[in-house]
Amino acid sequence: MELTRMNELYQDMRARMSELINPNLADAWIAFLSGDHPKLVRMMKHLQDTRLDTVYDMSSFHALQAFYTNILGETGGMAQAEAALSVLPETDTSIISANAHLTLGQFSAGHSQLRKAVQHFHLAAEHFDRHLFDFPAVVSLTNEALNTLRLGNLKTAEAICKKRLIQSSTFSDQGMHHASVLLLPLGLCEVARGRFSLAAKHLTEALSAINDMGMLHMHGLVEHALFSAKLSSGDISGAEDISNVFHQRFQRMASSYLNLLMAWFRIRLACEKQLAVSLADLELCQKEFEKSPEQIQHMAIDAYLHASTHQPDHLFPLLATRLKHFRFIGDRLAEAETLMALASLNERVGHVSDMENCLLEAKRIEAETGICIKPYPLHAVVQTPSEVPSTTISSDAGTQQPALLLSAREIELLKAVCKGMSNADIGKNHFISVATVKWHLHNIFGKLQIENRVQAIAKAKELGYFDS
Amino acid sequence: MEYIWDHYHHWGYVLFFVFVYSTALLFIPFYKKAEKKPATAYVAFVVAFALEMHGIPLSMYFLSILLGSQIPEGVFWGHTLFDQIGYWGMYVNIACAIIAFCLIIAGWYNIYKRHWSLTSGQREVVADGVYRYVRHPQYTGFLLLSFGMLAEWLTLPTLILFPIMIALYVRLAKREEQDMVKEFGEEYVMYMQKTKRFIPFLV
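Protein chains in written order, with our numbering: chain L, 1 to 468; chain V, 1 to 203.
Some hints here could point you the wrong way.
Unchecked claim - So the derived label-pair ranges between C-beta atoms look like this: (1) LYS32(V) to HIS37(L): 52 to 60 Å; (2) GLU205(L) to CYS102(V): 24 to 32 Å; (3) HIS298(L) to VAL18(V): 52 to 60 Å; (4) LYS174(V) to GLN48(L): 40 to 48 Å.
Rather than coming from a laboratory, the hints here were simulated on the basis of the structure.
Note that the Cβ used here is the ideal one computed from N, Cα and C, for glycine as well.
Could you put together the complete structure from these sequences and hints?
Structure follows, in structure tokens:
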């Protein structure tokens with residue numbers, strides 16, 4: 001059932017393209033769009049020898065060549081995409097020009113030139129609409145909205161989606177169905193705003209539309225977002241359903257991205273249900289860290305922050321590099337995510353002022369753009385300054401072994417105190433500020449029910465920490 | 001009796017004036033050659049102004065060739081348009097000077113620690129404080145200082161130098177912005193969209 005609808009679409013595309021370009025080229029394009037790789041390879045080999053006379057042929061060929069180069073995993077796709085557009089006259093508004101803009105938009109987005117990508121997607125949609133080529137127009141608009149969202153212009157992205165959705169609802173059901181793909185960027189905007197139930201509603205509809213249209217490449221993105229939305233709104237069983245369906249469909253596809261996504265699903269579900277996290281899954285995420293800082297999927301960092309209890313020191317420079325990169329390319333969404341991750345890390349190691357700085361900056365982004373990232377769950381060990389040690393000296397704490405009350409960090413600092421180091425020295429050695437040292441010591445003294453350093457040393461001897 | 005010439009040949013005043021107005025230059029770091037031209041123009045402006053005001057009224061001499069010796073006070077000598085606006089020229093100058101010095105010092109204060117004194121990798125885009133309203137507060141400051149001087153005492157050299165100064169500072173500002181975009185990318189582009197170059201909300 002799904003296939004026939006897409007087939008109709010492809011036949012229509014082929015017919016329209018053949019009016020303007022070499023029919024073989026049109027066939028090659030359809031082979032690419034329908035994912036028929038063997039046929040595409042054959043046709044590309046054949047086309048290398050064909051003479052391309054018209055500008056349209058050349059442009060169309062360059063665009064296809066760009067994607068083909070990408071599939072082969074080679075570089076040079078961007079140059080081909082640029083060529084596809086530059087061979088056309090500037091005033092051209094045909095579907096070939098639209099296709100060139102769409103191609104260049106995709107490559108710009110892939111190379112993190114977000115603003116340029118938005119411009120090209122916008123023009124692609126305009127030109128496609130001029131020729132009443134509905135589905136490609138919707139695809140262009142979806143991409144435009146996605147990248148506009150990344151740039152932090154939530155209002156504009158939402159406006160793009162809503163305008164087209166309203167327009168399409170006045171046409172045939174066919175039109176409405178195509179336009180439902182736009183519920184994906186709209187749903188992502190709602191996730192960014194923190195409206196999770198509404199987001200889940202949009203994304204569920206988008207998912208069914210994407211399934212029907214057979215748009216395979218959009219799958220990871222929509223399930224990831226839907227899963228996040230369900231988890232954040234507390235619907236754990238819903239999230240589990242998403243994960244299961246996804247596993248059924250994509251388990252056997254050999255894609256590192258999809259494998260990472262499935263591992264992330266499993267890790268998050270395990271954390272939510274407070275079960276043990278599979279080591280294999282964590283290792284998969286760990287492998288992600290071998291890539292260069294800008295290439296790492298945020299999922300891996302997210303998994304780490306939820307599941308791992310190791311010292312995260314190596315993550316600080318990584319996240320700092322990522323933050324700088326995202327600021328450079330203007331990806332406000334990723335910037336906000338990274339800031340919250342940094343805040344969580346800082347909180348974990350007790351860098352309270354750094355954590356506050358990160359949270360302040362995230363707040364600033366929220367004020368500017370409306371992007372509101374959910375903070376990570378507070379780590380059980382570190383408490384907020386307002387909950388000062390007096391609350392830890394409860395009856396429960398009294399019955400517990402004092403040694404168990406102290407966190408790893410606090411034990412470290414206690415040992416440092418026993419060595420006779422001053423607050424300033426401790427700060428220097430552990431790369432924290434004197435204020436943080438004092439705060440930790442305040443907590444330690446409270447937990448151990450002591451009043452000064454001398455008593456601390458005595459207590460440490462008792463507990464067996466004084467082993468230098 | 002008060003003679004015109006009592007007002008001139010006061011070289012001490014000239015030096016003092018040039019000195020005071022030149023202190024503004026202390027707050028701009030000269031990291032690139034391109035930055036020296038507008039600053040030189042500014043110093044030339046100040047010197048020309050001080051000379052005309054307390055030293056030798058060159059404009060007056062020049063104009064008297066054309067117009068004879070009956071030049072009314074306020075036309076290229078004395079406070080500009082004294083007969084029409086009286087001491088308002090001087091008040092405008094004082095106001096401009098105060099605002100300008102505030103801008104220049106605030107600009108320095110906001111940006112020195114987070115940007116100028118750091119190496120390339122550590123710098124940040126500064127978008128708070130004065131920089132939330134203007135992108136180049138110090139250049140606005142210098143142009144305002146010059147305008148204030150013009151408002152108080154219009155002279156030929158300064159009248160000719162002022163548009164040249166504006167052109168030089170605008171060119172320098174644009175060049176610096178290009179460098180910033182190269183270093184900070186979209187972050188600076190977004191900052192440019194939100195904040196105006198010289199006058200808040202206008203230019």
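Against the structure, the hints come out as follows:
1. Look at LYS32(V) against HIS37(L): about 53 Å separates their beta carbons, and that is inside 52 to 60 Å.
2. At roughly 56 Å, the beta-carbon separation of GLU205(L) and CYS102(V) lies outside the given 24 to 32 Å, and the hint is violated.
3. Checked against the hint of 52 to 60 Å, the C-beta distance between HIS298(L) and VAL18(V) comes to roughly 58 Å, which is consistent with it.
4. At about 46 Å, the beta-carbon gap between LYS174(V) and GLN48(L) stays in the expected band of 40 to 48 Å.
Hint 2 from the earlier list is the only one contradicted by this structure; the remaining hints agree with it.
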